[in-house]
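Just so you know, the sequences run in chain order L and A.
This note's numbering puts the first residue of the first sequence at 6, with every later residue one more than the last.
This note's numbering puts the first residue of the second sequence at 11, with every later residue one more than the last.
One should not assume that every hint holds.
Label-pair restraints from in silico Cβ distances [what the hints assert, rightly or not]:
hint: 1; chain 1: L; residue 1: Lys302; chain 2: A; residue 2: Thr102; range: 43 to 49 Å
hint: 2; chain 1: A; residue 1: Ala232; chain 2: L; residue 2: Ile489; range: 47 to 53 Å
hint: 3; chain 1: A; residue 1: Ala232; chain 2: L; residue 2: Leu317; range: 51 to 57 Å
Taking lysine to aspartate or glutamate and the DMTMM-like style, the derived pairs with C-alpha atoms no more than 20 Å apart in a straight line are [to be verified]:
hint: 4; chain 1: L; residue 1: Lys360; chain 2: A; residue 2: Glu94
hint: 5; chain 1: A; residue 1: Lys80; chain 2: L; residue 2: Asp567
hint: 6; chain 1: L; residue 1: Lys360; chain 2: A; residue 2: Glu78
hint: 7; chain 1: A; residue 1: Lys199; chain 2: L; residue 2: Asp477
Where chain L lies over chain A, by a calculated footprint (3+ residues, C-beta under 8 Å) [what the hints assert, rightly or not]:
hint: 8; segment: 98 to 105
hint: 9; segment: 114 to 128
hint: 10; segment: 174 to 180
hint: 11; segment: 194 to 208
hint: 12; segment: 305 to 314
hint: 13; segment: 332 to 339
By construction, these hints were calculated from the structure, which means they are not laboratory data.
Since the model is a prediction, treat every value here as computed from it, not as a measurement.
Heads up, the beta-carbon is just placed ideally off N, CA and C, and yes, glycines get one too.
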Amino acid sequence: MVVDMTTLDTGQMQKPDLAPRDNYLTHTRGAWSWLFTLDHKRIGIMYLTCVLSAFFVAGVFALLVRTQLLTPEGTIMSQDDYNQAFTLHGAIMVFLVIIPSIPAALGNFVLPIMLGAKDVAFPRLNLFSFWLWVAGALFFVLALVTGGLDTGWTFYTPYSTDPNSAMGGMIPAVTGAFILGFSSIFTGMNFIVTIHRLRPPGMTWFRMPLFLWGIYATAILQVMATPVLGITLALLAVERAFGIGIFNPALGGDPVLYQHFFWFYSHPAVYIMILPGMAIISDLIAVHSHRHIFGYKFIAYSSIAIALFSFLVWGHHMFTSGQSPLVNVIFSAITFSVAIPSAIKVFNWLATMYKGSISWNTPMLYAMGFIFIFTIGGLTGLHLGTLATDVHLHDTYFVVAHFHYVMMGSALVAMIGGLHHWWPKITGRMYNENWGRFGFALVFIGFNVTFFTQFMLGSQGMPRRYATYPADAGFQIYHVISSIGSYILAVGFFVTAGYLLQSMFGGRRAPANPWGGRSLEWQCSSPPPHDNFSETPTVGDCYDFSVLEWSDEEQGYVWRSDIPHPGEEEPAGH
Amino acid sequence: MMSKLLSIFPAAHGDATGPTFWMPEAASSVAGDVDWILEFINVISYIFFVIIVFALLYLAIKYRRDPERKQISGEGPTHGLALELTWTIIPTLLVVVIFWVGMVGYIDLRESPDDSYEVSVAAQKWSWTFTHPDYAVTEGGELTVPLGRPVRLVMTSADVLHSLFVPAFRVKQDIVPGRYSTLWFEATKPGSYQLYCAEYCGRDHSTMLATVHVLPEEEFQATMGKLAREYEDLPDADLPRYALTRLYNRCSSCHSLDGSTGTGPSFQGLWERSTSGSTVFTDGTTLKDYMGSGGEYQMPENYIRDSILNPGKNLVENYTNVMPNNFASQLKPRQVEALVLMMKHFDELVDEEGNIIEPPAAEESEASTGDGG
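The shape of chain L in the complex, shown without the other chains (with noise of 0.2 Å):
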């Protein structure tokens, strides 16, 4: 390693079994170090740490809803149980783990360093979203402890401004959505002018790594699409806290209307949600396949094509709402523009693998899994987008597996491989490899047992959000299945995070980089130096693999020892 390329600090990492003595982890101590920090890497653990447990408290309420259907007339709960269960699980997993989990949780860790920066722009502001998102959280525990919140997670009028329908818990859930709809603008502002502002010379914007730019379209999407959210929970509120008539046609207003501006932000969350996904598996086919990505301007740009296309294709969430048939064909013809995108994504990344030296790793197998379960999701959109079919199929429990397979099982399964990947440079240590892919393995047939009986579940018309169904239609065999693909998903994650945490303790030190990446992250310490880079790093092609060789010494990959350094004359030698 080099000075010039990464940090003054690298020459602690030469012996590979004592970690760097001065990390981020080890910079500063106490509780309160960490509370107020504004180290992004800090702020990124804190993020992953709340993400996570909202993710355990959302699965718990999963396994409760397939509990309950494992028979006709339900097995462990009332009708009303019911309702709050999905509708948590919904609300929880949208707005407190997917939204934030890739963007704010892993994002904020790795895209200063990976962009040759010492922090994000702005620091306090990325503190503040953080403190926010809690704030978000604790008024979803308000909302259930005043009465809890059965209007599933859209929060459809006039049912959740009638205080005779919706439970008590209404205000305080649309104000803690709204509170976090502000974290997530807040994040997005500053990465937008993080990468605008902060990169170093040399990272041109075709030089960036491509989470960078998934990163980036996201941002935009965040800053334009969440406001429009933050303005329809407000106006929600009012109506059902003072009675004024905007949504609710008792009192004059129009529930299409509510309709239309949630979807306005909805939509586009849903890429919010899956561009971080995408932008992540770009990375990790790149560097487990040792291979230089294909098509690194299509990727990009499908980033940013799927962020603008996002916005105009809301409609097609309401084919059915009585909308005008002319303004359904409109949103159907826009709707499959976006299929476009995805699809040169998916092949490029294939082509990336093409002649790589693939390892099979845990994030490669990630990587992996997402292309087949997003290739699912993505293909069964085409049903969606398409009237005639949709008309049949919506709120069906084939709508249910079609964004399970691509809200839970891309953009989640796409955070986990890059937890896995980035793993060793967070925490400074390896996990058990057999372990990991004995979760992956896990995580993977229990999530497609679980989701793909849905879809016949669905396409023979069993309807979302129910309690109960009729015995006699056939449907219970699949709502078994699904069941126990759910216990079995579950096992995989307590197995995932239990040998996560185990290495956290008992783990081999890991190496500054691990897989081959060359990416500016591989070029610090694991775990990196608090200011991440004493000295502005020097940038070069991110994909191009072949400068790089394994070293038995640092149990890693380094620059090879027969090719100088960008910006030095000489080869450089430990």
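Following the hints, put chain A in place on chain L, whose structure we already have.
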């Protein structure tokens, strides 16, 4: 179920209108087209899925890194415009075709023929009421339609969003309060089909079900004739059972027969509570305060009648005002009378467990008019 799982390809399935692996039984004029479009998209999806997954596995195996050799490979091409254009243009053309086919099918779904038979649908938490204006017939929880004639539903909601969904007909339409929605279908197979509420509407959303009965024209006419007269022709003695078998299903999601607490008070013991005046209201008064000479309700019958027609007026303690207040327009006077009589004779009709007591043999023919419905 096993045969259902095996019949992955509907073409291999003998009966074209029976259930397939993907779709339920098909029983409407548009179902065939919808199923064809779905299969068309399926085939495209299968092809892409197989190509992608085969390529994924092939590449992953063929170029798997030897775990002992940590080599860095960088041989393959980094870009290829021809390839990029190929996998941009082919999917683009395919989705244009899919869009077009789906749009044409959708227009057929939405454009109801001019000579459609019209039915008014009233949706409310959590029941369905179907009114046939041509026959002045109202059905609750069951919709009887003629075979082979286009039927147009004109739908309204009394409270929140609902959605009418009949999987066998492949039709679905949200019902938005404050406006009319419409839906049409032409049933092509006699039989009974499940109707669901597909838009989440609160606590008992999952039991907001109904059955569509498709009858051949003559049978349909006969049934309508019978339903039109059924309560007018009935002797007063048969009205309580008529209310229980034909009207109660509109009350059943909230008012139990077995004494258990629902969204509204149980009908079990309602008559006793009303005659004794023991019912306590949310404002702390009891029914006794309103009864007797000089009171608002001189007889318990009047209290029950008022509770059906003006449900928010006297709220029973521990319950909220969720009952629709549109029954005055939905029920004929004689039907209201039947409901009041049902409460009065409740113990003769329903046992303590909430089971309906079978009528004596002599009355059977009259009381069972609706069962075939």
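Results for each hint:
Remark: the range hint 43 to 49 Å for Lys302 (chain L) to Thr102 (chain A) is contradicted by a beta-carbon distance near 18 Å. For Ala232 (chain A) and Ile489 (chain L), the Cβ-Cβ distance of about 49 Å falls inside the hinted range of 47 to 53 Å, so the restraint holds. For the hinted restraint 51 to 57 Å between Ala232 (chain A) and Leu317 (chain L), the CB-CB distance of approximately 53 Å keeps it satisfied. Simply put, Lys360 (chain L) and Glu94 (chain A) have alpha-carbon atoms about 18 Å apart, close enough for the 20 Å limit, and the pair holds.
Between Lys80 (chain A) and Asp567 (chain L) the CA atoms are separated by roughly 17 Å; this keeps the pair inside 20 Å, and the hint holds. Only pairs whose Cα atoms come within 20 Å are accepted, and Lys360 (chain L) paired with Glu78 (chain A) is accepted, the gap being roughly 18 Å. For the proposed pair Lys199 (chain A) and Asp477 (chain L), the alpha carbon gap of about 19 Å is at most 20 Å, so the pair holds. Restraint check on the segment 98 to 105 of chain A versus chain L: 4 residues with Cβ-Cβ distances below 8 Å, three needed, restraint holds.
Taking a C-beta to C-beta cut-off of 8 Å, the segment 114 to 128 of chain A contributes 7 residues in contact with chain L, enough for the three needed, and the coverage statement holds. Look at the segment 174 to 180 of chain A against chain L: 4 of its residues bring a Cβ nearer than 8 Å to a Cβ of that chain, three or more, so the hint holds. Beta-carbon proximity to chain L at under 8 Å applies to 4 residues in the segment 194 to 208 of chain A; the threshold of 3 is reached and the given coverage holds. Counting residues of the segment 305 to 314 of chain A whose beta carbon lies closer than 8 Å to any beta carbon of chain L gives 0, which falls short of the minimum of three for the stated coverage.
Here the segment 332 to 339 of chain A counts 1 residues with a CB under 8 Å from a CB of chain L, which misses the bar of 3, and the coverage is violated.
In this structure, the earlier hints numbered 1, 12, 13 are contradicted, and the remaining ones agree with it.
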